[in-house]
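Novice: Make a model of the complete structure from these sequences and hints.
Here the sequence shown stands for residues 1 to 718, numbered as in the UniProt record's numbering.
Among the hints, erroneous ones may be present.
Unchecked claim - Restricting the straight-line Cα-Cα distance to at most 20 Å, the calculated cross-link-like pairs of lysine to aspartate or glutamate (DMTMM-like) are:
(1) K123 to E102
(2) K3 to D69
(3) K618 to E628
(4) K450 to E234
(5) K499 to E628
(6) K446 to E209
(7) K412 to E435
(8) K498 to E209
(9) K589 to E573
(10) K228 to D214
(11) K157 to D562
(12) K618 to E604
(13) K589 to E628
(14) K200 to E435
Hints are computed from structural coordinates only; laboratory data are not their basis.
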Amino acid sequence: MSKALVVVESPAKAKTIEKFLGKNYTVRASMGHLRDLPKSQFGVDIEHDFAPKYINIRGKGDLIKNLKDEAKKAGVVYLATDPDREGEAIAWHLAHLLGIGEDKACRIEFNEITKPAIQKAVKHPRPIDLSRVDAQQARRILDRIVGYKLSPLLWRKVRKGLSAGRVQSVAVRLICDREREIQAFVSEEYWTVTAKLRAKPKGGLFDAELVAVDGKKPEIGSEAEAGKITGELEKADYRVREVKKRERRRNPSPPFITSSLQQDASRRLGFTARKTMLLAQQLYEGIDVAGVGPVGLVTYIRTDSTRVATSAQEEARSYVAARHGSEYLPERPPVYSTKKNAQDAHEAIRPTSLELTPDAVQRSLSRDQLRLYTLIWERFVASQMAPAVYDTLTVEIAAGRFGLRATGSVLKFPGYLAVYGDSREEAEKDALLPEVAEGQELKLQKLLPKQHFTEPPPRYTEASLVKVLEEKGIGRPSTYAPIIETIQERGYVLKAEKKFQPTDLGFVVVDLLKEHFPDIVDVDFTADMEDRLDGIADEKVSRAKVLKDFYDPFAATLTSADEKIGNVELPVEVSDVPCPNCGRMLVVKHGRFGNFLACPGFPECRTTKPILKDTGVKCPLCEGAVVERRTKRGKVFFGCANYPECQFTTWDTPLKETCETCGSFKVRHNFRQGRFTVMCGNANCPTRAKEAEAAAATKRPAKPRRTSAKRKAGGKRG
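Specialist: Listed below in structure tokens is the structure:
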């Protein structure tokens with residue numbers, strides 16, 4: 001009997017699935033796409049309904065031949081590519097190469113790589129969904145139109161090597177618009193007044209903030225105004241006007257979708273979007289777990305749905321009841337709403353089995369795999385638990401024509417926080433207020449006026465950029481990681497202190513696109529295009545119509561812009577550093593890892609120099625300046641400006657403080673847990689050893705792990 005051939009996308013997935021299916025199946029990997037539009041030409045026939053011209057990808061000839069040979073020997077062929085539009089398109093290309101008819105039931109899908117899911121999938125093959133293929137092809141052709149028609153215009157008018165894209169250009173615009181908001185922001189002074197009060201006769205001390213002046217919100221714009229108000233408050237009598245006690249519930253966050261996983265991994269673990277998706281793919285495709293064998297640890301990672309299978313909810317409820325108690329379970333399994341334009345094709349990201357706890361698999365995972373898996377595991381379990389409950393107390397206080405307010409809250413029942421706390425809960429600290437009653441007199445102990453200044457909106461981080469792209473319906477979460485990489489590689493933005501800043505080039509390109517191609521960088525237009533692509537998959541509109549509606553006005557605009565736009569001169573910042581080879585003054589250039597100096601005589605003169613940021617401290621070896629440098633990968637370190645003559649380097653941040661023992665500068669030493677300590681920068685100083693020992697002694701203790709005996713006994717997590 002001939003074996004069945006199953007074609008997946010990656011070798012890791014093939015290895016895992018082959019062990020589940022047994023000896024009657026052969027599993028092979030396509031290594032992603034095998035056919036694509038040609039790189040050297042446009043590859044789209046505009047005149048014939050935008051028909052794409054596909055070619056076999058260079059370097060995959062032997063792989064294609066081997067797959068064809070395997071398919072000829074097989075009794076049946078199953079195409080098991082990823083369960084999304086991209087995977088559907090790869091399956092369609094495979095069917096073409098292997099000679100499988102479009103009506104043949106050859107496509108199998110699974111949301112998780114577990115033995116039951118795989119065995120069930122091969123029993124229910126279906127034909128390839130051509131509507132989903134059309135939607136993917138329309139997106140690919142749209143991106144090709146924009147990339148191959150608009151990018152050459154940028155090369156001619158601005159600089160070679162630039163690119164434009166439907167989503168990447170909008171992302172750069174968002175960053176540029178935010179930077180202009182920051183530049184235009186005018187900070188305003190304002191003051192707050194806090195009163196330290198004591199309940200008479202011998203009550204506890206607590207803080208109350210001024211919230212009303214003559215029944216209106218206070219607007220204190222100067223120290224003089226603050227002084228006038230504090231003068232009146234010092235003479236006022238304080239009395240409790242109202243006491244409000246209530247119970248407040250905070251519900252858990254839903255299980256992860258692709259974008260929320262990228263955001264939380266960035267905030268909590270410091271992972272880039274690319275790193276998060278790479279690790280998540282590894283967890284999905286399969287890990288060889290000691291004592292279990294190869295198994296996919298999480299469900300499919302490209303999803304925009306918070307939906308969870310009933311079986312998974314039941315497993316979670318059993319786990320929570322056994323480990324924490326029935327009081328930690330909501331009355332009914334929670335149902336989370338999914339955003340309006342979600343495809344809702346797959347479940348949320350969750351563990352495939354709650355028996356595979358982070359403790360159980362930690363020896364089989366790398367450190368970063370374990371950190372991400374723990375994040376996914378705890379978030380899912382918490383999403384199925386009861387809300388956290390707080391007792392809150394609000395005290396309204398009257399003081400003449402002034403109103404003050406004191407608030408306090410105490411965690412009454414942890415609920416889901418027993419497993420997973422998010423940034424909202426971590427920021428919320430318990431604040432106890434003394435027992436007071438309406439009409440009770442209070443005694444003023446001290447007034448604390450404080451000066452503040454309004455702050456501009458923050459620059460985007462990876463997490464906040466992903467969040468705004470998702471909220472505005474721009475692109476798909478699976479594309480965010482490559483988009484973020486591309487806009488940095490093209491020099492449109494750079495990352496400083498984990499925040500994006502546009503370069504001069506980024507501003508120039510965005511302004512040019514806004515003037516001549518407003519739709520390309522328009523947020524609403526781009527989001528609407530995503531809806532139209534969804535309409536192709538839902539068979540509401542044809543691929544050809546969507547492409548024609550976009551192309552006709554775009555082509556007219558392109559012709560007009562080519563005539564109107566002259567050569568764009570990029571602003572040049574000239575330094576005071578002469579080129580050591582030709583004597584020209586070096587100019588500031590923008591690179592992937594920040595600014596650097598380069599000779600304006602390029603390509604005749606290729607001199608480059610780093611821009612050295614002086615830390616203000618002297619080198620302990622040669623008394624030269626210690627400056628900030630970067631590795632080839634962009635990581636910051638510090639070294640002597642006299643390199644290579646002087647080899648002094650350190651990862652620790654030099655400070656201007658000096659050591660009382662040896663006189664050397666002190667450094668800020670960072671720990672992995674996000675903590676830091678200040679110590680002497682001289683490795684041979686006895687004080688440094690003591691400081692390092694003291695820092696280690698106060699190191700945050702590791703989260704206690706339950707032993708296997710406790711797990712068997714059903715004990716609660718530590």
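Novice: Hint by hint, work out which the structure violates, then give me just those numbers in ascending order.
Specialist: 8 and 12
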